[in-house]
Every structure is written in structure tokens, then in C-alpha cells.
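Novice: Here is what each chain is made of, one letter per residue.
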Amino acid sequence: MARLIDIGPAVRPLPQILRVRPGDLIKFAATGGDVKSGETVIRRLGVFRTSALGPDGGVLSPEGAPDAVFFLVCNPGSAVLRIVSGDPWGKFETNLIEARSEA
Amino acid sequence: MDNNAARFREALLKIAEIARSAAGNGHDAHGHKTFKGGGRVALTCSPRILPKRLLIEAAKTARTINPVNAPALAPFAAAGVQDPLRIAVLTSKYWGPSPRTLTVSFMEPAPDDLRAKILQHMNAWTDTACISFVETQGVGQVRISREGSGYWSYLGTDILHIPANLPTMNLQDFSMGTPDSEYNRVVRHETGHTLGFPHEHMRKDLVARIDRDKAYQYFSDTQGWDKDTVDQQVLTPLDEQSLMGTPADQTSIMCYQLPAEITVDGDPILGGLDINQTDYQFAGKIYPKAGQAVRKVSGGAERAIRLSEDWDPSEDVRDAAQLAM
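Protein chains in written order, with numbering that gives the first Met the number 0: chain A, 0 to 102; chain B, 0 to 324.
Check the hints yourself; a few may be wrong.
Claimed, not checked - Below, a list of computed lysine to aspartate or glutamate pairs in the EDC-like style, where the Cα atoms sit at most 20 Å apart: (1) B:Lys203 - B:Asp238; (2) B:Lys226 - A:Glu101; (3) B:Lys213 - A:Glu38; (4) B:Lys226 - A:Asp33; (5) A:Lys35 - B:Asp238; (6) A:Lys90 - B:Asp238; (7) B:Lys213 - B:Glu260; (8) A:Lys90 - B:Asp220; (9) A:Lys35 - B:Glu260; (10) A:Lys26 - B:Asp273; (11) B:Lys116 - B:Glu181; (12) B:Lys226 - A:Asp23; (13) A:Lys26 - B:Asp111; (14) A:Lys26 - B:Glu146; (15) A:Lys90 - B:Glu181; (16) A:Lys26 - B:Asp179; (17) A:Lys26 - B:Glu181; (18) A:Lys35 - B:Asp225.
What the hints assert, rightly or not - Chain A regions said to be covered by chain B (calculated; three or more residues, Cβ under 8 Å): (19) 17–26; (20) 29–36; (21) 60–73.
Said to hold, decoys possible - Some chain B residues judged to face chain A by a derived CB distance under 8 Å, without partners named: (22) Trp94; (23) Pro98; (24) Asn122; (25) Ser152; (26) Tyr153; (27) His160; (28) Ile161; (29) His198; (30) Asp266; (31) Pro267; (32) Leu269; (33) Asp273; (34) Gln276.
In short, the hints are calculated from the structure, not lab data.
If you're wondering where the values come from, they're calculated on a predicted model, not measured in any experiment.
Just so it is clear, CB atoms sit at the ideal spot from N, CA and C, and this is done for glycine as well.
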């Protein structure tokens with residue numbers, strides 16, 4: 000079964016190597032991020048803003064920067080992910096993570 | 000119905016209204032309930048809802064009387080949701096001019112001094128504004144987490160719609176070791192959102208200073224953001240009528256810093272490091288403390304929501320905002 004791997008803000012420092020499988024969905028608590036290499040192995044789905052279900056099925060979003068980045072593991076191989084966290088308007092930090100995907 | 004018939008019907012309706020009023024039918028000409036016996040001995044006041052056709056106009060009135068009543072439209076504009084009726088319904092983030100205390104709780108255990116310090120900085124706004132914050136041991140209206148990602152807050156009265164098990168404000172990793180300057184910059188900024196203030200750097204005048212291509216490149220390089228995210232976070236100005244009733248203010252606490260390398264003029268957008276004088280004045284104007292004038296907030300808006308349920312469209316008041324001036 001594919002796995003949802005939720006790497007929350009309390010996980011610091013981030014691991015330098017991440018071992019995953021094709022089909023896995025990875026969520027980082029981060030303001031931004033992308034795939035620096037290996038885009039055929041891992042695809043970034045996007046950066047997101049956590050929101051809440053409001054009344055009548057509407058969605059309410061807070062004021063603030065994105066706080067989640069999702070990646071989908073597509074194939075075996077190796078990829079390098081860049082994960083940015085902190086304050087995009089102030090101090091932020093960048094981490095590079097090697098993701099190794101094994102079938 | 001021809002004109003004569005319409006006039007006849009109108010005359011009959013007026014006669015009937017006068018008759019009802021004279022007989023003490025329980026309502027006066029303004030829809031207020033009265034006790035039997037004819038005279039207005041006592042009133043009970045229940046909120047009424049405007050007819051649907053006036054919701055947009057009422058929202059415009061609310062916005063004119065008090066700019067903060069306008070919704071922050073950028074996310075909806077980006078999504079192509081611009082139904083004016085929907086916008087009118089969304090116009091409800093302002094807490095109102097009456098003094099109010101909002102309760103605050105913490106989602107995770109926090110030491111006494113830290114909780115007190117956060118409350119102290121939230122209450123910095125009460126120097127001029129009539130909304131204050133007080134800690135509760137129960138579930139607060141404002142619920143602060145320090146374990147989520149980043150700094151954020153829901154906007155104004157939206158916090159009342161957030162499920163009670165979720166935070167309404169996030170102050171990631173704030174501790175007693177966090178510099179005071181960050182309490183000034185972040186806690187007061189996020190509390191500004193709770194008061195209903197959106198981002199000042201999304202003002203049209205400030206967005207116009209940003210070189211779009213440079214912004215795309217900068218945020219791609221530093222954050223990995225795609226163009227849509229940059230558009231949403233930086234380049235989509237809010238409706239100018241929706242924000243502060245002051246000129247765009249790059250030192251407002253609600254304004255983020257933006258670097259010189261992405262501006263057209265080569266100067267940075269400074270961003271606010273603390274609540275400035277304009278912020279205080281504006282907060283005091285829309286949330287006036289006792290003794291301060293409530294000019295422009297009473298009158299028209301209240302009149303609009305107290306009118307009775309429906310009437311002939313020809314009687315609609317089209318310049319309600321003028322009544323409040």
C-alpha cells in the first residue's frame with residue numbers, strides 16, 4: 000500500500016536521506032520546496048496553505064504563507080528535494096534531502 | 000397591472016398600514032414590535048435580514064462606512080469566484096465598534112510567563128482599540144498553537160467558524176527565548192489579522208512597485224514557488240476599497256518586507272517591525288474605545304440592518320452610505 004509520509008514541523012533537523020517507495024505521498028511542513036534533480040523519480044504536487052472547513056461546506060483560509068509541500072514518488076531512483084521552511088518574509092532555511100526510491 | 004391599478008393598490012396598502020398602526024397591531028411603521036394598547040410602550044429588537052436584491056448594495060455600504068468590512072478578495076479572484084452576491088455574503092469579518100473581549104487559549108501546554116507575554120503583545124492593540132484579549136482555561140475564541148508550521152491567523156470573525164479543536168493562530172516555535180523584536184513583529188501582526196486586518200503589502204500602490212518577472216524569479220529561487228503561488232502571495236492586489244482607510248503604508252505592522260532586488264524602483268518595501276502610529280490610529284478609529292467618536296460607524300449601517308423584511312424595490316435606498324456621513 001502506498002504511504003502518506005507526514006513530516007511535521009517538529010521534525011528538525013530534517014533527515015538528509017529519505018527512503019521511500021513509488022506511490023508514496025510525502026508531505027513536508029514547509030513554506031516552499033521543489034525537486035532539484037530526479038523529476039522522473041519524484042514529482043512535486045504543489046505548495047499548499049492548510050485551511051479549515053467552514054460553515055455550509057465553505058473553506059476558510061488563514062492569512063499567511065504556504066505551510067505544506069507535497070511530493071509524489073513516481074518511480075524507483077534517486078531525487079534531490081529542496082525544502083524551505085521558516086518565514087519567507089524574514090528568516091528562512093533551506094534543506095536539501097536525497098530521496099531514494101526503491102520498488 | 001396598469002398604472003392606475005398600481006396606484007390604487009399602493010393607496011390601499013398605505014391605508015392598511017395606517018390602520019394597522021392605529022389599531023396597535025404589534026408593529027409600528029418601522030417594524031418594531033409594540034405592546035397592545037397602541038402606544039410604543041416598550042420595544043423588542045430582533046435582527047432582520049435585507050432582501051436579497053439589496054445584499055450587494057448593503058455590502059458596499061458597509062465597506063464605504065468602514066473599509067475593513069470589505070472582504071479580502073484576492074484568493075477568490077484568483078479562483079475566478081467573483082459572484083457579487085457571494086462577495087456580499089462574505090462581508091463579515093469586522094468585529095464591530097462595540098468594546099469586546101476575546102478569549103484566548105493555547106493548544107499545547109505553555110509556561111505561565113510565555114502565555115502572559117504572548118497575551119501582553121496581543122493586547123498592544125488595545126492602546127487605542129476597544130478589543131482586548133484575555134486568557135481562558137477553557138476553549139478560547141482565539142486558539143494559539145506553536146507546533147504548526149509558520150506564522151498565520153484567520154481573519155477577523157472568521158475565527159468563530161474554525162472548529163474548536165483547531166488553532167486560529169499559529170506562532171511556530173515561539174518561546175521565552177524568542178527575541179522581543181519578533182514578538183513585536185509577528186505576534187502583533189498575527190493579532191492584527193485576528194482583528195480583521197489583511198496584508199498591507201497587497202495594497203495596489205505597493206504591488207505596483209514590484210517587478211513581476213523579478214518577483215517570479217526571486218521566489219522561485221528562494222522558496223521554490225511557482226508563478227501561481229507568487230501571484231497569490233505577492234502580486235495580486237486587494238480591492239483598494241477593502242483595506243485600511245489610509246494611504247498604502249509600507250511600515251504598517253501588516254506589511255511584509257520585500258527586498259530591493261524585486262522592486263521597480265530599486266528600493267525595498269520596508270515592512271513593519273511593530274504597530275506604527277497609523278496602525279494605532281486606524282485601529283482606534285474602527286474599534287473606538289469609550290469616549291472616542293463612533294462617527295461613520297453608527298447610523299447608516301445600523302439603519303440598513305434594522306429595516307423590515309421587504310418592501311417595494313422602488314423604495315430601496317440607493318445611497319445608504321451617504322446617510323452615515
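Novice: Checking one constraint from the list: CA of Lys35 of chain A to CA of Asp238 of chain B, max 20 Å. Satisfied?
Specialist: Outside the cut-off at roughly 37 Å; violated.
Novice: Does the alpha-carbon distance linking Lys226 of chain B and Glu101 of chain A stay inside the 20 Å limit?
Specialist: violated, 32 Å
Novice: Would you check chain B against the segment 17–26 of chain A, counting CB to CB pairs closer than 8 Å, and say if three or more residues qualify?
Specialist: violated (count 0)
Novice: Hint check: is the beta carbon of Gln276 of chain B less than 8 Å from a beta carbon of chain A?
Specialist: This hint is violated: Gln276 of chain B lies away from chain A, its Cβ roughly 22 Å from the closest one there, beyond 8 Å.
Novice: Please verify whether Lys26 of chain A and Glu146 of chain B have alpha carbons no more than 20 Å apart.
Specialist: The given pair, whose Cα atoms are some 16 Å apart, holds under the 20 Å limit.
Novice: For the pair supplied as a hint, Lys26 of chain A and Asp273 of chain B, is the alpha-carbon distance within the 20 Å limit?
Specialist: violated, 33 Å
Novice: Hint check: Lys26 of chain A vs Glu181 of chain B, CA-CA at most 20 Å. Holds or violated?
Specialist: The hint is violated at about 28 Å.
Novice: Does Tyr153 of chain B hold up as a contact with chain A if the rule is Cβ-Cβ below 8 Å?
Specialist: Where the cut-off is 8 Å and the nearest Cβ of chain A is about 5 Å from Tyr153 of chain B, the hint holds.
Novice: Would the hint linking Lys26 of chain A and Asp111 of chain B be met if the CA-CA limit is 20 Å?
Specialist: Since the Cα atoms of Lys26 of chain A and Asp111 of chain B sit roughly 33 Å apart, the hinted pair is violated (cutoff 20 Å).
Novice: Have a go at the His198 of chain B hint: is there a Cβ in chain A nearer than 8 Å to its own Cβ?
Specialist: holds, 6 Å
Novice: Straight-line Cα separation of Lys90 of chain A and Asp220 of chain B no greater than 20 Å?
Specialist: holds, 15 Å
Novice: What's the verdict on Lys26 of chain A and Asp179 of chain B, does the C-alpha distance respect the 20 Å limit or exceed it?
Specialist: violated, 32 Å
When each numbered hint is compared with the structure, violations occur for hints 2, 3, 5, 6, 9, 10, 12, 13, 16, 17, 19, 22, 23, 24, 30, 31, 32, 33, 34.
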